[in-house]
Structures are given as C-alpha cells and as structure tokens.
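*Asks:* Fit chain B to the supplied structure of chain A, relying on the hints for placement.
There are 2 protein chains.
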Amino acid sequence: MNLMSRYEVVGDWGTSRLRLFRVEQGRVTARHDGPGIGAAAGQAEAAFAAAIGPWLEEAAPTQIRLCGMAGARDGWVEAPYADCPADAATWRAAATRFAWRGVPVAIMAGLACTGANGAPDVMRGEETQIFGAMARDPALGQGRSLIVLPGTHNKWAVVQDGRVSSFRTMPTGELFALLRDRSTLGAQADRPDPAREAQGFAEGLARAQEGRPLSSLFAARTMRLRAGRPAEWAAGYLSGLLIGTEIAEVADMLEQADDIWLIGDGRLSTLYAEALGRRGLVAQALDGDACSLAGLGLSGHPHHPHGDPS
Amino acid sequence: MNLMSRYEVVGDWGTSRLRLFRVEQGRVTARHDGPGIGAAAGQAEAAFAAAIGPWLEEAAPTQIRLCGMAGARDGWVEAPYADCPADAATWRAAATRFAWRGVPVAIMAGLACTGANGAPDVMRGEETQIFGAMARDPALGQGRSLIVLPGTHNKWAVVQDGRVSSFRTMPTGELFALLRDRSTLGAQADRPDPAREAQGFAEGLARAQEGRPLSSLFAARTMRLRAGRPAEWAAGYLSGLLIGTEIAEVADMLEQADDIWLIGDGRLSTLYAEALGRRGLVAQALDGDACSLAGLGLSGHPHHPHGDPS
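Those protein sequence lines, which keep their order, are chains A and B. Here the first sequence is numbered in this note's numbering, starting from 29 and rising by one per residue. Here the second sequence is numbered in this note's numbering, starting from 29 and rising by one per residue.
None of these hints come from the bench; they were simulated from the model. As the structure is a computational prediction, the values presented were derived from the model and not from experiment. Heads up, the beta-carbon is just placed ideally off N, CA and C, and yes, glycines get one too. Among these hints, one or two may not hold up.
[As the list claims (entries may be wrong)] Partial pick of chain B residues on the chain A-facing surface, computed with a CB cut under 7 Å: (1) Ala144; (2) Met198; (3) Leu206; (4) Arg208; (5) Asp209; (6) Leu245; (7) Ala247; (8) Pro258; (9) Thr273.
[As the list claims (entries may be wrong)] With the Cβ distance kept under 10 Å, some of the chain B side facing chain A (calculated, not the full set): (10) Thr57; (11) Thr142; (12) Pro199; (13) Pro241; (14) Leu253.
Next comes chain A alone, as it looks inside the complex (with noise of 0.2 Å):
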C-alpha cells in the first residue's frame, strides 16, 4: 500500500439517499451517491461493501464515519440518540463504534428530545449538519439560532450558545409528494411550467394565513374545475399551502430566533426562503453537503472533483 492510497470514507445513509466521500488528508477525492438504507432491505453491510468496491480493490481505508438512518434499528448498526440539549462534544462521544474487515467504524448517534407538549422527537443525519454548520461558523454557536432543513421529514432545530436546545420535525415533504403524486388533489401535468407552479405556490402560501390547512386542500381540486386554474398550478398551490401552514406553526420559534439558517436542497430552501420573506424574514443558506462533511469531522470547504463548487 502506497501513501496516496490511504482515504477515509465518510457519508450520510439517509432513508432515501446515500451519499459516500472518499477523504484523502483531508480533502474529497471521490464521491458515491446510491439508494438510502430503505433499499438494503436489511443488508446494510453488504450494500456498503458493493458501494465503496472500486475503492477497497485499490486499498481498505483508515476509517469509516457514517450519520443518518445507518444507525436507525433497520440500518446498519443501531446507534443510540444523544438528549437535548447536546453540545458537539457530548454527540461525538455518543457514536457507536465497531470494527469492519479490521477498519474502526464510527455510527454517529441521533438526537431526541421532548416537545413542549410532551411528545418525543428524533433525528438522524441532520445533527451531523447542525453541528457541521456550526463548526464551520462560529456565529451560529452564539447567541439563539433556529436552523431549518427541509426535506422528507422537515426539523426545525433551536441552537442554543452551542447546543441543539431542541426541535421539531414535520413530515412536509412526505405530505406533499402523497398530496401531489397519489391524491386527487394533485394532477399531472403535459410538462412542467415553473410560471404556473410559482403562482400556485404564492396562491398556497396566501392561503395558508387563513389558517384552515385541511379546509384549504380541495381547493387545489376546485380551482381547476371551476376556476381555470390549469394541472401545473395544483402542485405548486399544495407547496405553497403546506410550507405556509408548517411557518405559521413555527411562530413561537420565528419570535425566539436571533437569526435563521437554512440547510439542504437548493431548490427546496429557495422556497422556504421565499414563504419566510412574506413574512418579512431574511434566513441564510448553507450548503448541506458541505455542512454534512464539516460535522464528519472534515474542516474547511469540500473540494467537488466533478462540477463547479457552489
């Protein structure tokens, strides 16, 4: 084995993605982006082992570290969850940690907590990007952030002089792609036409101050039947009448937060950027591959082997 060959494997196993670095002194030499852990069907191991081949041919590496749905029950190995409030420290400790082929595996743990009204609540890879955003700015460590990560399961994450105080999780994005893709609320559009979705959206959004979220879905239907509203607009009315409900159930977060802080998908955040400017806040996007690799333990900014770094 040379020197160049030596790399660590970092990533997130998601429920419905896996994205997988490969790390050379520091910096993403190589990348893999597969099905999330849903796909292994219990297979966890093997499926991780078919996913890195092409790099353990050249080399085993020095180490693993994985977040998400790796550590869930179904996963790979079940990590524990680490309490709110949980500093960076506590969490890295909380890791599970094993060996694979003879190469040390870190699992890292999730985070619970309890709401307000006495309902638990988990996550599992966004912590890793919570911690990573804060590593990678210290103002997001002082003073009371609330930090946003849309996606399937959307958190809403109260940061605290360093620690995830606590958060809440909405199931949006699973709400929305039911409602639009297996409701007859949806409709599927000749082609997408980004106008019409965006008038839906603001519609939605306007909409959703009423404060009748379940009254105010069978208007995505009566609108295209009687009031011309054409198959593209229904998708973006049902966006927009969901990320409006799910802000206007935030509030009490909104009022608290010293600033605001969006990571994940660009396209998603655009939106939700958008729905927290109607109600005149200004919240700031993060990268949420960059703040994944951050919380891996990797400082600076990824380097991107294939395509423009954004």
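*Replies:* Chain B only, in chain A's frame:
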C-alpha cells in the same frame, strides 16, 4: 310485459362505489353493489348496462335516476351544478335528462358554492342525501342545521329553512388513507386491536386541540419508537388528529348551528359523534342509503330485501 315486472332503477354512482336499487311500486325489491365510476374507465354506459343486466333480461326499467359522479365530467353524462343557496325544487329541475334505449334517465345535478374565502367548492351525491334527509324529517328543513357527511371528501353543509346555503369540503378521509397506508407514519399491525386504536384516537383528538396538525403528525412515528405505543395505536392516532383538526376548523359553523346531523357510514359517523361529543355537541345520525333513496324520490323508509333494516 306483465305489471309485476314494471320497475325503476335509482342509485348513487360515486367515485369508489356503485349502489343501485330496483324499485317496484315505491319499494326497493333488489339492490346491486359494484365498483365506482373510476373503474368504468370512460365506459360508464356499458358498465351500467352490465350492472343491471339481470334486471334487463326481464324487462326494461320504466325510468332511471342516478346521483353522484355519474354526472361528473368523466362520468356517464355530465350534469350541471346547481348554485347555493339551493332548495330541493331548484336542484331537481337542474337534473340532466336524456333517453337511454328508450328509457328516460335523470342524472341529478351536483351543488356548487363559493366559500367565504372566495374558493369554489363542489359536491356530487351528498346533495341527494341532504335533500333526502329533509324530505324524511321536516325538522331538518327549519332553522339552521349543520349536516356532516363523512367520507373520502367530507362535506360540512349548512342547511337553512330548507335550502343548502353553503358547504365546505375537507378531504380528510383521503388524507387519512394516504397517511395510514402509504406513509412512514402509519404502521401495519399484525391484527386489528380496537382497544389500542381507540386509545390512539383519543390521544390524537387531544393533540388536535393544540392547533398544530403538521407538527403533531410525526408523533405517530415517534410515540412508537420512543414511548412504547404499539403499531395498532398509530392508525387511531392519525384518525383522531385529523378528525379533531377538521372539527376545530369548522368551529364557526358549529357555533351558528341549531342542530347537527351525521349522514353516512355507521363506523365513521360514530367517530365523528365521539369527536363532537368531546366538545359537548350532540349529533343525530341518519342512515346514508335511506337518505339517498329519499333524495332520489322514494318516500318513506326503504325496504331491505336482504338483512335487517337499520
């Protein structure tokens, strides 16, 4: 053709169910249940002929009256909507009439209204049950009543002095089915457990009072993961959360109503009656088939050739 074979056919052809009744001398002497208009895939006429095939072999009916999605754009023949406020005479006059194989057919009109927020709303089939309920019970035609018709697309209709003045549709039933069967929030239980479902329903109803439906959805998952709730519990919780949210959204309608009536499926009506009961409200339940038949012009109580009348 002898006198005894003279019969008419009335029925409700909805999205998911076809219910046809053979009526002789004002009494139901047979019924046919089949799939909804969606299953006919644009071949409604042929599907109808097949459904009443055994009766046709004997003789042609003297007339046919249908309500529901048979009159939708993708149904048999499109019927108009009567605009609210609408009384029974206006609504009956709006039916679409034509001849099929020489037999006079009437497809009843739907109802349309515009909500206080300017959004259009529509129903097809439920209006027949509402006008039928008024025909059966004159008390319903006086003062201001609120009629709840639980189903895939629940209707909350205000009836004043014999007219349907407005209504609101909530696709609660469709949303519940999506969440229970197709989301990560529902859970498949090995076998139904009514007691655990009832406990989940009660907890969901209580949670709905917090007024944060999106935030409360994820607990269907985390209460199983972290608080020992069994899989059976989750369906009850989702149902209670959605129905409780729905009832909170019609608080204005509840306050203004002199009385509340429930029309439809017995099991669903029981859940709505329980949820309304938590708010100190008493709802009177009416049989859905009996109301449909009365709305289609049959007086008195229907005769059930198979099974006890309910």
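*Asks:* Tell me, in ascending order, the numbers of any earlier hints that this structure violates.
*Replies:* As far as the earlier hints go, 1, 4, 5, 8 and 10 are violated by this structure, in ascending order.
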